[in-house]
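Kindly produce the complete structure, drawing on both the sequences and the hints.
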Amino acid sequence: MSKVLVIIAQEGYQDKELEGTRKGLLSAGFDIVLASREAGDCRGKFGGKEKAALALRDVEVGDYDRVAFIGGPGAASLASDPDALHLAQETVRAGKPLGAICIAPTILAKAHVLEGRRATVWDSAGEQAGILEQYGAEYTGELVTVDGIVVTANGPDAAEEFGKTIASIRP
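For what it's worth, the working numbering labels the leading residue of the sequence shown as 272, then goes sequentially.
These are computed hints drawn from the structure, not numbers from a lab.
A few of these clues could be false.
In silico DSS-like cross-links for lysine-lysine, where the CA-CA straight-line distance does not exceed 27 Å [said to hold, decoys possible]:
1) K322 <-> K274
2) K316 <-> K274
3) K367 <-> K287
4) K381 <-> K435
5) K287 <-> K435
6) K367 <-> K322
7) K274 <-> K287
8) K316 <-> K287
9) K435 <-> K320
10) K316 <-> K294
11) K322 <-> K287
12) K294 <-> K322
13) K435 <-> K322
14) K316 <-> K435
15) K381 <-> K274
16) K316 <-> K381
17) K294 <-> K320
18) K435 <-> K274
19) K320 <-> K274
20) K287 <-> K320
21) K367 <-> K381
Restraint-style ranges between C-beta atoms, simulated for each label pair [stated by the list, open to error]:
22) Q405 <-> G311: 28 to 36 Å
23) G366 <-> G319: 12 to 20 Å
24) R364 <-> A396: 31 to 39 Å
25) E404 <-> G311: 23 to 31 Å
26) L297 <-> Q405: 31 to 39 Å
27) G397 <-> P442: 30 to 38 Å
28) D418 <-> G333: 18 to 26 Å
29) R441 <-> G387: 18 to 26 Å
30) A347 <-> A326: 34 to 42 Å
31) Q405 <-> K320: 29 to 37 Å
Quantities reported herein were computed from a predicted structural model and do not represent experimental measurements.
Note that CB positions come from ideal geometry on N, CA and C, so glycine has one too.
Rendered as C-alpha cells:
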C-alpha cells in the first residue's frame, strides 16, 4: 500500500483541513503517517488531538510516496523550520508529489519549490499571496491548483478535493 506523510503543526493545525485531506487520501487507498516538529501529541485549532508518529528531523522522504503539509495558524511556524523546508525540497528533488493547503503553501514558497510554478494559498488581505509571489510563484486564487507534481489548496472547503488531487498525481 502507498504511504503519504502528512505534516501538521504541533499546536494549531487546521482540524477540518486534516480531516478532509485524510478522507480524500484514504478514499484513494493511501496509508497516512503523521509528522510534526516533534513526535507525540498535537493540538488542532478547533480542539482536535492527533499523535505525530515522527519528528520532522527523523523523516526519510524515500519511505513515502508523497508529502502534504496541512495549514492552520500553527503552520506559520513551519515556514521558518529548517527541517520542514528541507523536507519540501527533498520531496521535489525526489520527484514525488508535494502538497500544501491553507497557509502551508508559504512553507513551499520559502523552501523555494514554488518558483516558476502556479500556486494558490489561503489569503488574508494579500499577505500570503504576496509571499508566494515574492518567492517566484504565480498566485492563481483557485481552490486547488496543480503544477506538475505540486498541489496547493486554499483552505478547509478545498480539503477533500486537495487530498483526492494529491492522491491522483502520478510522479
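Comparing the hints with the structure gives:
1. Restraint check for K322 and K274: satisfied, since their Cα atoms lie roughly 17 Å apart, inside the 27 Å limit.
2. For the hint pairing K316 with K274, the CA-to-CA distance comes to about 25 Å; that is within 27 Å, so the pair holds.
3. In summary, the hint linking K367 to K287 is supported, as the alpha carbons are separated by about 25 Å, within the 27 Å threshold.
4. Of the supplied pair hints, the one linking K381 and K435 holds, its CA atoms being roughly 25 Å apart against a limit of 27 Å.
5. The hinted pair formed by K287 and K435 meets the criterion: a straight-line CA distance of about 15 Å does not exceed 27 Å.
6. Restraint check for K367 and K322: the C-alpha separation of about 24 Å stays at or below 27 Å, so the hint holds.
7. Between K274 and K287 the alpha-carbon distance is near 21 Å, which keeps this suggested pair within the 27 Å criterion.
8. Annotation: proposed proximity of K316 to K287 holds, straight-line Cα distance about 9 Å (limit 27 Å).
9. Simply put, K435 and K320 have alpha-carbon atoms about 23 Å apart, close enough for the 27 Å limit, and the pair holds.
10. Note on K316 and K294: the hinted pairing holds, with a Cα-Cα distance of about 19 Å set against a maximum of 27 Å.
11. Taken as a hint, the K322 and K287 pair is honoured in the structure, with Cα atoms around 16 Å apart against an allowance of 27 Å.
12. Between K294 and K322 the CA atoms are separated by roughly 17 Å; this keeps the pair inside 27 Å, and the hint holds.
13. For a cut-off of 27 Å, the pair hint linking K435 to K322 stands: about 23 Å separates their Cα positions.
14. Only pairs whose Cα atoms come within 27 Å are accepted, and K316 paired with K435 is accepted, the gap being roughly 23 Å.
15. For a cut-off of 27 Å, the pair hint linking K381 to K274 stands: about 25 Å separates their Cα positions.
16. Proximity of K316 to K381 is assessed by CA-CA distance (about 23 Å); at most 27 Å being required, the pair is judged to hold.
17. In summary, the hint linking K294 to K320 is supported, as the alpha carbons are separated by about 17 Å, within the 27 Å threshold.
18. The suggested pairing of K435 with K274 holds, with an alpha-carbon distance near 14 Å, which does not exceed 27 Å.
19. For the proposed pair K320 and K274, the alpha carbon gap of about 21 Å is at most 27 Å, so the pair holds.
20. Taken as a hint, the K287 and K320 pair is honoured in the structure, with Cα atoms around 12 Å apart against an allowance of 27 Å.
21. Distance check on the hinted pair: K367 and K381 sit about 18 Å apart at the alpha-carbon level, within 27 Å; holds.
22. Range check, Q405 to G311: Cβ separation about 34 Å, and the 28 to 36 Å hint holds.
23. Between G366 and G319 the Cβ separation comes to about 32 Å, which falls outside the hinted range of 12 to 20 Å.
24. A hinted range of 31 to 39 Å for the beta carbons of R364 and A396 is consistent with their spacing of about 34 Å.
25. Between E404 and G311 the beta carbons are some 36 Å apart, a value that contradicts the proposed interval 23 to 31 Å.
26. L297 and Q405 have their C-beta atoms about 35 Å apart, which keeps the hinted 31 to 39 Å range intact.
27. Taken as a hint, the range 30 to 38 Å holds for the pair G397 and P442, whose Cβ atoms sit roughly 33 Å apart.
28. Hint check: D418 to G333, Cβ distance near 23 Å, so the stated range 18 to 26 Å holds.
29. As the Cβ distance of R441 to G387 is approximately 21 Å, the hint placing it in 18 to 26 Å holds.
30. For the pair A347 and A326, the supplied restraint of 34 to 42 Å is violated, since their beta-carbon distance comes to about 19 Å.
31. The hinted range of 29 to 37 Å is satisfied by Q405 and K320, whose Cβ atoms lie roughly 35 Å apart.
Going through the hint list in order, the structure does not satisfy hints 23, 25 and 30.
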